[in-house]
Amino acid sequence: MNILGITIAPYIINIVIILLKIAVVIAIGLLHVAYATYFERKVIGHMQVRLGPREVGPHGLLQPIADGIKLFFKEDIIPANADKPLFYLAPVIFMVSALTSLSVIPFFDGFVIADINIGLLFIFAMSSLGAYGIVMAGWASNSKYSFLGGLRSASQVISYEIAMGLSLVGVMIMAGSLNLTDIVRAQQAYPTGMFAIPQFVGFFVFILAAFAETNRLPFDLPEAESELVAGYFTEYSGFRFALFFLGEYTAMLIMSSIASICFLGGWGLPTFITANLPVFLWKALGLGMFLVKVYAFMFLYYWVRATLPRYRYDQLMAIGWKLLIPLALANIVITGLIKIWIKGML
Amino acid sequence: MPSEYLPILIFLMVATAFGIGALLIGGLLRMKRPYAEKLMPYESGNLPVGEPRYRFSVKFYIVAMLFVVFDVEAIFLYPWAIVFDKIGLYAFIEMVIFIVILLVGYIYAWKKEAFVWD
Numbered sequence: 001m002n003i004l005g006i007t008i009a010p011y012i013i014n015i016v017i018i019l020l021k022i023a024v025v026i027a028i029g030l031l032h033v034a035y036a037t038y039f040e041r042k043v044i045g046h047m048q049v050r051l052g053p054r055e056v057g058p059h060g061l062l063q064p065i066a067d068g069i070k071l072f073f074k075e076d077i078i079p080a081n082a083d084k085p086l087f088y089l090a091p092v093i094f095m096v097s098a099l100t101s102l103s104v105i106p107f108f109d110g111f112v113i114a115d116i117n118i119g120l121l122f123i124f125a126m127s128s129l130g131a132y133g134i135v136m137a138g139w140a141s142n143s144k145y146s147f148l149g150g151l152r153s154a155s156q157v158i159s160y161e162i163a164m165g166l167s168l169v170g171v172m173i174m175a176g177s178l179n180l181t182d183i184v185r186a187q188q189a190y191p192t193g194m195f196a197i198p199q200f201v202g203f204f205v206f207i208l209a210a211f212a213e214t215n216r217l218p219f220d221l222p223e224a225e226s227e228l229v230a231g232y233f234t235e236y237s238g239f240r241f242a243l244f245f246l247g248e249y250t251a252m253l254i255m256s257s258i259a260s261i262c263f264l265g266g267w268g269l270p271t272f273i274t275a276n277l278p279v280f281l282w283k284a285l286g287l288g289m290f291l292v293k294v295y296a297f298m299f300l301y302y303w304v305r306a307t308l309p310r311y312r313y314d315q316l317m318a319i320g321w322k323l324l325i326p327l328a329l330a331n332i333v334i335t336g337l338i339k340i341w342i343k344g345m346l
Numbered sequence: 001m002p003s004e005y006l007p008i009l010i011f012l013m014v015a016t017a018f019g020i021g022a023l024l025i026g027g028l029l030r031m032k033r034p035y036a037e038k039l040m041p042y043e044s045g046n047l048p049v050g051e052p053r054y055r056f057s058v059k060f061y062i063v064a065m066l067f068v069v070f071d072v073e074a075i076f077l078y079p080w081a082i083v084f085d086k087i088g089l090y091a092f093i094e095m096v097i098f099i100v101i102l103l104v105g106y107i108y109a110w111k112k113e114a115f116v117w118d
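Line by line, the protein sequences give chains A and B.
FYI, the numbering for the first sequence is 1 to 346, going by our numbering.
FYI, the numbering for the second sequence is 1 to 118, going by our numbering.
Derived by calculation from the structure, the hints in this document are not laboratory data.
Wrong hints could be hidden among the right ones.
As the list claims (entries may be wrong) - Some chain A residues close to chain B (C-beta under 7 angstroms, calculated; not the full set): (1) V49; (2) V96; (3) G176; (4) I340; (5) G344.
To be verified - Restricting the straight-line Cα-Cα distance to at most 27 angstroms, the calculated cross-link-like pairs of lysine-lysine (DSS-like) are: (6) A/K343 with A/K322; (7) A/K322 with B/K111; (8) B/K112 with A/K322; (9) B/K59 with B/K112; (10) B/K32 with A/K74; (11) A/K70 with B/K38; (12) A/K339 with B/K86; (13) A/K322 with B/K86; (14) A/K283 with A/K21; (15) A/K74 with B/K111; (16) B/K38 with A/K84; (17) B/K32 with A/K84; (18) B/K38 with A/K343; (19) A/K84 with A/K74; (20) B/K111 with B/K59; (21) A/K70 with B/K32.
Stated by the list, open to error - Non-contacting residues of chain B with respect to chain A, defined by C-beta distances greater than 10 angstroms in every case (computed): (22) K32; (23) L47; (24) I101; (25) V104; (26) G105; (27) Y108; (28) K111.
We put the beta carbon where it would ideally sit given N, CA and C, even for glycine.
Chain B on its own, in the form it takes in the complex (with noise of 0.2 angstroms):
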């Protein structure tokens, strides 16, 4: 039933509203004195060395990677934990070879050391 979400659209309304809105009166109240030096990214007090934006470990891709395959996975246990009941022993064994599947991918990205970090 759509009008079930109703109720979360206009939450999510007022959310935004207050957000934006406490953001948008205190810009008219509070004061603005912006020099050089207020405005330089933070670092600890000496001048900025290099871009920020510099290349980061490719083991944070690897995660990324991995959380796909297994939030999908989580994803298709809730259903089946939902009907869990209605279907039983045969639901149980599918799900158990389910997650056998996902546990050979689980141990060779353990024996790959996709979890190690160093």
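Looking at chain A on its own, in the form it has when it is part of the complex (with noise of 0.2 angstroms):
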């Protein structure tokens, strides 16, 4: 291409447009988690019949804003006998699996960073690799609470990745594919239009993995402030513990968005809009689709977390081993079961 008499090459202009997608993308999903918080203090406020932050901006709108710019210039307390390359460490980890999974979202047709074919796949990988952050940040905090704190997060992270993972297997039976793009088309041409119909049983298993892969209530155990202050990160202060905290609330939205797109339809729209409405038009109501259900299930979180307690440890390790598992892989095999009865291949 030539832009002001100068040659360049296409790689060039590649990488440059793929530099502004991750700019949009990692821009707009800080601004989200910004505001989630802002979403979740107020949804709770409401709920308890409070009325939620409201000092800082109209309806405190700048809150967050001003909650950034706190940490930012807050003290970086690290403790004394803590072990410092892996205390530096662990919220980069924990922050950057976290927004590394954002690439392989589709947020509306045709968008989306890295479109491989084991979209779900890469999701699981990042998910894990999260866990790596936590149990670092538990060991080199040199604390009691951070230790214990990361040790029940290690394996309750590990106990619900295997329900989760198996409660999308019901998905890739319908779909037919790993990556995020498919599975929305693929729901397209369903009846319903949305894969929670069918996979009820998977969507309520992956409902309940998630709450607990993200560490939030009613399974917040690592971090139950009544009993372990602040779990993991007990001991981090400033901007390493915003690093933790973007990292939660970006986990939330890829867990949310998973919710979007392989079990609500995702940006999917019924075909009689697709073909009557100019091709931006729809996009950006598929876009508008898919950020309702994003948020609807962010709302649920909060809502969960306004009005359940929290469960104690054994209950939480028999619920994941007990009956979510058997409950995913009964699913698995009667999803496989009646697609089979329905294809006629008996």
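Taking the hints as your guide, dock the two standalone chains into a single complex.
Have a look at this one:
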């Protein structure tokens, strides 16, 4: 290509386009995280008959910005006996692994940073990497609370990862692909437009596993404040704490996006809309649909947080291993059986 | 196609640069006033007692071992689910046998009370 008389190689343009897309996704992702905290505080505030943040800006709208600036300038305390390299790295690993999952999420038809054929597997891989950040933080802090929180979190995350992985096998059977765009397309061909109805058992298992994977209530035992202060990030302060916070809320965004894409139809629209409207309009509409579903799922997170008490650790493990895994396995067998029956392959 | 993974690599680098860059720039701006009490591990205001990295329950280790078995199983199920349409009944029977073999181990672990936390 030729710009202002200078010839630019196509691969450079390609990389610039990729960089622009990444900048947009990261900027919007971070802004989303900032306002997800505001959304959460408002929702929980109103559920508890309070008003939530109100002081900074109109209706407290600038509260997340103020929090961000505060955390940026706060002192970064590193405990005396901490394992320094691990202590420095843990929050970065946690945040990066959560943020990188955004690269395979299709936000609307045709917009995805990396359209790889193992999209879903990549997200599982990244969410497992996040567990390293947690374990490293728990180990490096040299504090009892952090250590216990890190251990609990590691075993909770790996236990529920199995249930989550198995809950999505039903979706994979129905869609025949691990690519997230293909999964959305497969749902458009389906009469109800979403897999949540035929895969309701899988969806149920997925919701519980998603709550546990992101260490949210009612399964927030790694950071149970009444017994472990703040769990694995007790000793963190300032911007390192902010990185953990960012990572956790990004992970929630990823889980909500997976729920939206794999079970609720993502950006998929009925064909009579896509056939009769201009392309940019139905794509924007699709983006809106996707976001509405994502925020509905985020709302579910907050709703559950405001409603349910915390489980005990033995109950958490029993739910994961004795209830969710058999349910997910039964769901796989039944889905396979029905698929064979429908296709007449018996 | 490796070129499909190039954006992920770039994304990874941008995200890492954001994390480390923000920490470094912030390091120039924020104050540092450490003193011995501030750097002590937090233990609800008491002086820390004993070693924090003490021996922990073997249960965590058992969970990690079970995780390896079941996660590998889940990984085996993914390619099977993808090509399910093409292979049909044969694939289904094979996988039911696989799941049944796994269930035997699962029931054994259950009876050995590997899932009981006390």
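TODO: Quick one: which hint numbers does this structure break? Sort them smallest to largest.
DONE: Violated hints: 1, 5, 6, 13, 15, 18, 22; rest satisfied.
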